[in-house]
Amino acid sequence: MNVDWHAFLPEAIVAGTVILLLLVDLILPNRSKWTLGGITALGLLAAAVPIATLAADFADGGENRVFFADGYVVDELSLVLKGFFLASGYVALLLAYNTIEEGAYYRGEFYFLLVSAVLGMMMIASVRDLIGLFIAFELFSAPGYLLAAWKKYDLKSNESGMKYFLMGVTATAIMLYGMSLLYGATGTLTYSGLMEVLPGVLDGDTSSLAILGIVLVIASFAFKVSAVPFHFWAPDTYEGAPTPVAAFFSVAVKGAGFMGLVSLIFFALPAGDDVWRPMIWVIAALTMTIGNLIALRQENIVRLLAYSSIAQSGYILAPLTVAALPDGEGFGPGHTESLQAVVIYLLVYAVMNFGAFGVVIAVARRTHSGHLDSYDGLFAHAPSLAVVMTMFLAALAGIPPLAGWLGKLAVFTALISADEVWGYLLAVIVAVNAVIAAFYYMRVVRKMFAEEAPEEYLVLPPLQPTPSLQFTLGGLTLLVLAAGVTPMFSHLSEIATNSLSL
Amino acid sequence: MEWFDDWALSLATFLPLVGAAILLALPKERENVIKTVALGASILCAVIGIGILFRFDFSGDVAGYQFEANRKWISAIGTNYHIGLDGISLPLFILALGITLLVIIYSWDHFPEPHNPKMFLFLILLLETGMLGSFISLDLILFFVFFEIVLLPMYFMIAVWGGENRAYASIKFFLFTMFGSAFMLVSFLALYFMSTLPSGGHTFDIVHLSDQDLGVLSDLGTTAGRWIFAGMFLGFAIKVPMWPVHTWLPDAHTEAPTQGSVLLAAVLLKMGTYAFVRISLPILPDAARDFAPYIGLLAVIGIIYGSLACLAQTDVKRLIAFSSVGHMGFVMLGIATLTPIGINAALFGMISHGIVTGLLFFLAGSMQHRYHTREISRLGGLLISMPRLGGLLVFTSFASLGLPALAGFPGEFSSMLSAYQPAEGLNEAVFRTFMVIAAVGTVLTAGYMLYMLQRVAQGKVPDEWAGHTFHDIGTFEYMSWVPLVLMTVVLGVFPGILMSVTDKSVMSIFSGIFG
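Top to bottom, those sequences are chains A and B.
Just so we're aligned, residue 3 is where the first sequence starts under my numbering, counting upward by one.
Just so we're aligned, residue 1427 is where the second sequence starts under my numbering, counting upward by one.
None of these hints come from the bench; they were simulated from the model.
Since the structure is predicted, the reported quantities are computational estimates derived from the model, not experimental observations.
Each hint should be verified, as a subset may be incorrect.
What the hints assert, rightly or not - Covered stretches of chain A, as calculated for chain B (at least 3 residues, CB under 8 Å):
1. 47-61
2. 395-409
3. 413-420
4. 490-503
Note that the Cβ used here is the ideal one computed from N, Cα and C, for glycine as well.
Produce the entire structure from the sequences given, and follow the hints as far as they go.
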């Protein structure tokens, strides 16, 4: 079998890092285990190098690299997303570093699981057949069950891992069942095969089989991106898991879920659009509305961010409703715009959500609490954290010039570009939701600036986050500003959409 | 000077941001340095503003926009950094520059609790960038960004430095505005996708979109145009604010610190009315014609409702806030006539309301500073206890109620006048009825203003304050108020100096559209 090693190098490096971590962890004495974090970081950074060279190759007019019997495609979309997953893994590592080092147990395993998950995510960006999809899906999901239950003496963390596990295997089971139905109906497992066969099958006798298959596969991804009505695990899991892990779940795991969904919708199931379009429309509308409404009542910052991230999933799902509108031989307006919107939104969302979680981690180191009241008067005893948190929350609310507005803009753009009544209707639902969401984001902001801080914190010197948190938050702050006023993310999303034309 | 023409607007708009960044870097104990930096930044902006006034070609020979700049910005979504000034935006641009400077001067010794000049001035400078940017934007997305930038600073001003009920007022302001602007954004995008440039492709460019001869929107259907207009209307009308979406305004004004109220009344509200003139009307003239009677109706309801509400107020600031609803009603009535006279009147009304109501909020703030209350029933005899402050209050109130020869009169008068003869295609009887109702409104306005003066300025000093000595107007107060007083008189006596500036641009944009 011919393998394009250059194209596979990013995954190979990450896989190498996984093995290296396991081996080194065995040899190292306990006092030197801090080096494992460094190895992880270097491995993730090293994997970014071939991504850059591949991107340069594409910029020079390089073609998609296809191997593993059509089952693995390295195109510009997959490169952008792989870069995104590597960066997410890196940021999660920085956020987790102090928590893990202070916990001082199973450090090697933690890094090993984190990098394994990243590997699965990178694969899901490239897989173009159902078996590969399943393997990648499991590879990034399974480590998550362990990571969620990481605080092993904490009941909530155990509950969190358990819930995530049960929900996760349910999703897997549903997906497998859906895939088997699809295979039964079409007789093919590759995306290119599905593209070819599916239109005929949907017109034929076995159409109900294929339809059920599509519904089940899409539903399993709805689990992963915590879309309503498959969202119940998210708040409990995020709250119980170590906060850096929750951040990783809410950004990277969700991103991987979306990547899987996107590749199915754009490269395998466009013909089934009559099935998934209304389904995604309803799920998107429900997800953003219910996520936002429940977030209004939250008293714990992590649960609030969890429901906010559910709502944000709704926004990211929304543009997919205008993907693959049939128009003669090709696709109608909204096809490229929808992919662009999903990519921009994922990038923007990663920056602002990681940022918000980063502040939560930093603040919890002083207050040891996730209750919203522990943010009262934060500006008085941790001014820089309060200002930075305000920026991330305002970005999540979609207020320019902070990055979030670009995501909203892209979603609106996609929905409106299709020029369909239901597209406008969903845009209006997004608009109303943006206002509901602003209420709870601003509630946190108001607490930080307008409430009185507890005496015990005021006598302390201003809160200084740990160096790794300072570095992360500083970088994310710059990014949330820069991405809002410069075309960097929209440029990346444009590159990603090149994959559609090839 | 080529260089100045290209860069003046961007410089003036982003200089406050530079000032704000410097403020962030300064330690917060060094208050005098902080104040100096903020003042310096706003003075520099004002100097650039004066430079712009000198370089601006008032002759009317220059068609379109001056100080224009057009650069690529986010090409993936087709938006450009396109800015420029014409006779419509120039006065508002200068107003925003001037009011911010005066507010910063006033702040020198008037920091509301909880003090913290660093953050307070930081927010004012952020606001300045947002306000200036809104008036120079010639691209819909750029306009949206600046329109939204003012949201957070104003929210903070009310939420942190506000009065008793600040939490409620600030979030109400925030959510109302956001609700409107979300729909505004959807409308902008719909416009974008329905536009076709002669060279192909879509555009957010206000100049192209409003150029009816270019036919950028020739494919736009009537129904679609109405929906888009309605979406933008929601965004702009909330900002103005028009009845019945005005309810955020009295709360925001009452709770905001003096500086916040002044900026809100003098500049922020104008972003809504300005957007009608700059965006809604020229881009969607047909839809505007369909909506005009309803806009006019809401405007006169606002006039009457605002005046009646004023009669019932017991709080000075709340009274001035409701008077804003009425005054903005006159502005919107002028716009609704779709005539050059009406739109000129509206632009004049915006400026005069900015000056006069800005001054009124300054005065209300200073009264509160001295009495620690805004309850009208507890005040009285201001002319005795502080004759200068009292005199100024009388003067400004007269200007506000539309006394001829002061700034309030020309705008409201010509706005009513324009309703007598609305643009072609609009029902004369309806608009003449509006005119009569608006005229009743002026009587009511005079009524509530005089009633307020009677209770606050005249009469004896109440027992509560007998024996109290109050210090009359201070240096910084004089410095920030005198320019406004002068402008009130100048614009009242020579309304032509402003009308002639706006008129040329108004004619060139609207005379062709509404016939």
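Violated constraints from the hint list, given by number and in increasing order: 1
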